[in-house]
Amino acid sequence: MSARDRILAKLKAAPLLPKPEPDVAAWFSTHRRTEFKAEKAARFRHFIELAHAEVHTVSRSGWLQKLREVLDAKGIEKLLVADSTAHGEAALDELPRHGIECQTYDLAIEAWKTEMFHATPASLTAARAAIAETGTLILWPDAAEPRLMSLVPPVHIVLLDASKIYNTFYEAMQSEGWTQSLPTNALLISGPSKTADIQQTLAYGAHGPKELVVLMIGDEQ
Amino acid sequence: MNAQPIHFKPAEGFRARSKAVVDNPFLRQSFRGAMDFLMSKRAAQFPDAEELESLRTLGESIRQYNLGKLPTLLEQLEANLTRNGIQVHWAETPDEANAIILDICHARRARLMVKGKSMVSEEIELNHAAEAAGIDALESDMGEYIVQLAGEKPSHIIMPAIHKTKQEIAQLFADKVEGVDYTDNVDALIQIGRNVLRQKFLEADIGLSGVNFAVAETGTLCLVENEGNGRMCTTAPPVHIAITGIEKIVEKLEHIPPLLSLLTRSATGQNISTYFNMISSPRKAGEKDGPSEVHLVLLDNGRSQAYADEQLRKTLQCIRCGACMNHCPVYTRIGGHAYGTTYPGPIGKIISPHMLGLEATSTMATASSLCGACGEVCPVKIPIPDLLMRLREEAFSAPHANPAMVGQGAAYSGVISAIWAGWAAVYRSPALYGVVTWLGSRFGWLMPSRQGPWTSVRVPLKPAPKRLRDMLRERG
Chain A
1 MSARDRILAK
11 LKAAPLLPKP
21 EPDVAAWFST
31 HRRTEFKAEK
41 AARFRHFIEL
51 AHAEVHTVSR
61 SGWLQKLREV
71 LDAKGIEKLL
81 VADSTAHGEA
91 ALDELPRHGI
101 ECQTYDLAIE
111 AWKTEMFHAT
121 PASLTAARAA
131 IAETGTLILW
141 PDAAEPRLMS
151 LVPPVHIVLL
161 DASKIYNTFY
171 EAMQSEGWTQ
181 SLPTNALLIS
191 GPSKTADIQQ
201 TLAYGAHGPK
211 ELVVLMIGDE
221 Q
Chain B
1 MNAQPIHFKP
11 AEGFRARSKA
21 VVDNPFLRQS
31 FRGAMDFLMS
41 KRAAQFPDAE
51 ELESLRTLGE
61 SIRQYNLGKL
71 PTLLEQLEAN
81 LTRNGIQVHW
91 AETPDEANAI
101 ILDICHARRA
111 RLMVKGKSMV
121 SEEIELNHAA
131 EAAGIDALES
141 DMGEYIVQLA
151 GEKPSHIIMP
161 AIHKTKQEIA
171 QLFADKVEGV
181 DYTDNVDALI
191 QIGRNVLRQK
201 FLEADIGLSG
211 VNFAVAETGT
221 LCLVENEGNG
231 RMCTTAPPVH
241 IAITGIEKIV
251 EKLEHIPPLL
261 SLLTRSATGQ
271 NISTYFNMIS
281 SPRKAGEKDG
291 PSEVHLVLLD
301 NGRSQAYADE
311 QLRKTLQCIR
321 CGACMNHCPV
331 YTRIGGHAYG
341 TTYPGPIGKI
351 ISPHMLGLEA
361 TSTMATASSL
371 CGACGEVCPV
381 KIPIPDLLMR
391 LREEAFSAPH
401 ANPAMVGQGA
411 AYSGVISAIW
421 AGWAAVYRSP
431 ALYGVVTWLG
441 SRFGWLMPSR
451 QGPWTSVRVP
461 LKPAPKRLRD
471 MLRERG
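So the sequence lines, in the order shown, correspond to chains A and B.
All letters in the first sequence, in the order written, are residues 1 to 221 by this note's numbering.
All letters in the second sequence, in the order written, are residues 1 to 476 by this note's numbering.
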């Protein structure tokens with residue numbers, strides 16, 4: 001008999017004690033506020049800024065300009081971008097002529113892991129959506145925009161469409177039908193990497209990005 | 001009962017270890033300050049008492065619902081993980097779990113394993129097993145890295161190095177990390193750790209992590225963390241091994257948001273952690289990073305014993321937030337190392353007996369004032385005080401057939417049992433009570449002036465010279 005069979009046999013021999021299914025939807029409908037777009041954007045911004053992220057509201061046509069300003073202000077001359085995404089292509093078109101080198105993630109990590117860890121100061125990715133209640137970005141890494149882009153570079157810049165902000169985590173997963181479509185690795189990110197493991201003193205940049213910059217695209221003015 | 005892990009310190013030394021901490025003003029101050037900090041941060045996250053109560057009720061019902069169908073959910077989880085390409089392993093004991101993990105390491109000729117925070121890996125003593133097999137197992141959570149450098153074990157399940165001051169950590173880094181000078185600047189210390197560990201994430205053959213929630217319907221492993229080391233361990237190395245107790249399972253993805261909210265708010269007073277990581281498969285064709293192999297080890301280690309009993313099953317509702325420790329007047333004074341077990345504090349007292357047997361842990365349940373704080377703050381309403389009473393009963397009552405727990409009756413004493421039987425007899429019989437109290441009031445002067453531990457900090461017990469009934473009679 002395998003360990004699996006022994007464990008399952010012990011559990012199945014125990015009394016069944018079935019309990020009623022919890023009504024998660026009912027709880028959220030009575031305990032969480034539902035807000036309009038502008039309020040959600042403001043709440044999202046409030047909480048992610050509390051978590052030490054930097055947020056810039058930008059227009060749909062002006063985000064590249066703001067991206068350049070952010071890179072300039074931080075003295076960053078090299079940016080990792082995903083070349084097969086619309087925003088990655090836009091960055092590739094725009095930034096090199098302003099003196100910013102754009103590196104693309106076109107090889108499997110094994111081919112350039114050392115460079116990724118030691119010579120990639122910043123990255124640009126898009127967020128799939130966000131959550132107002134906690135100031136959280138939802139990232140959905142894929143073949144075009146791999147997982148390590150949002151983790152290894154010390155500065156992570158995220159493009160977010162403000163029309164994709166949900167009230168709650170629950171609303172996001174329900175609205176988007178996540179149970180049918182989870183990727184290899186879905187991520188919620190709520191600020192730059194941090195720790196309070198030394199004498200409860202908060203420090204940023206423990207292992208992941210030291211800085212998280214959100215370019216939040218609002219309505220065209 | 002399982003063989004005791006290497007780090008396990010026998011319960012006989014509990015009193016001495018506790019006294020050593022209580023006698024150390026620096027440690028006391030350190031724990032007091034840290035617990036006050038965590039308690040106030042949690043309180044700030046729950047300003048609305050009604051909302052907190054309803055969310056706790058929801059959390060409790062989610063955990064109880066899922067435990068109610070645990071064997072079915074484990075099978076569903078296994079089927080969906082396997083379908084997603086994640087390999088599932090089962091271990092009844094710590095030794096079996098270590099053997100599974102080391103087999104995976106050997107198959108990849110692994111030399112270096114980086115570890116995210118995992119209390120289950122502490123429970124099975126994985127670091128020792130890996131070391132014995134010639135594999136370097138490196139803790140990458142900052143707090144865990146610090147305690148590993150110091151040759152210690154975590155003293156808290158959420159904040160492993162909470163017992164250390166920054167000066168101690170500064171000295172530790174200066175002594176143990178090559179090329180580092182003494183600095184007690186916290187940012188500088190974190191950067192030192194970051195630089196050492198970044199290189200290890202790059203080089204590691206294996207990444208190991210725990211699991212906060214496993215979702216049966218989607219075959220997803222969820223991890224909660226702030227530092228990003230958990231993401232590093234589960235993304236950068238070519239192989240990811242996750243390990244979890246069999247109870248950390250939910251049927252539906254929709255069960256996660258309430259539990260995540262309760263967990264982060266109760267643990268560190270954050271409305272959410274920096275990262276919430278949902279892993280559903282190894283690297284797929286065309287993807288450029290992520291491990292090519294993902295494994296999950298499901299560990300029993302006494303949990304099925306707790307599961308078999310309706311009351312004890314509630315122990316398994318735990319989501320490992322540590323709030324019970326932070327609010328426990330005993331933990332706050334003696335810290336985590338005094339317990340001598342992987343899990344300290346109130347949750348440790350109720351889960352450790354299942355892992356280690358009552359013979360080894362019978363005194364733990366008595367180290368409680370039963371003030372009820374642990375039960376009041378538990379985000380999933382585990383009735384910890386009731387469970388402590390039950391464990392006392394299991395440990396101190398006379399051994400009997402078909403016990404619910406291994407080691408039942410381990411602390412049974414015939415003499416103590418006889419004393420209580422006599423006490424009960426006196427209080428049941430008015431005549432006997434009259435005789436005994438009469439004797440007591442006349443011969444109270446015979447009571448010794450030293451009465452064991454009682455008189456170490458109190459005046460001796462002495463029956464009053466007159467009984468209440470005598471005084472009432474005199475008054476007419």
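Mixed in with the good hints there might be a few duds.
[What the hints assert, rightly or not] Here are the computed lysine to aspartate or glutamate pairs in the DMTMM-like style, where the Cα-Cα straight-line distance is at most 25 Å: (1) B:K252 / A:D23; (2) B:K252 / A:E115; (3) A:K19 / A:E49; (4) A:K78 / A:D23; (5) A:K10 / B:E203; (6) B:K200 / B:E217; (7) B:K252 / A:E176; (8) A:K78 / B:E359; (9) B:K284 / A:D106; (10) A:K10 / B:E75; (11) B:K69 / A:D5.
Quick caveat, the hints were computed from the structure, so don't treat them as lab data.
Going down the list of hints, with the structure as the test:
no.	hint	verdict
1	B:K252 / A:D23	holds, 12 Å
2	B:K252 / A:E115	violated, 40 Å
3	A:K19 / A:E49	violated, 41 Å
4	A:K78 / A:D23	violated, 49 Å
5	A:K10 / B:E203	violated, 41 Å
6	B:K200 / B:E217	violated, 34 Å
7	B:K252 / A:E176	holds, 15 Å
8	A:K78 / B:E359	violated, 62 Å
9	B:K284 / A:D106	holds, 15 Å
10	A:K10 / B:E75	holds, 14 Å
11	B:K69 / A:D5	holds, 16 Å
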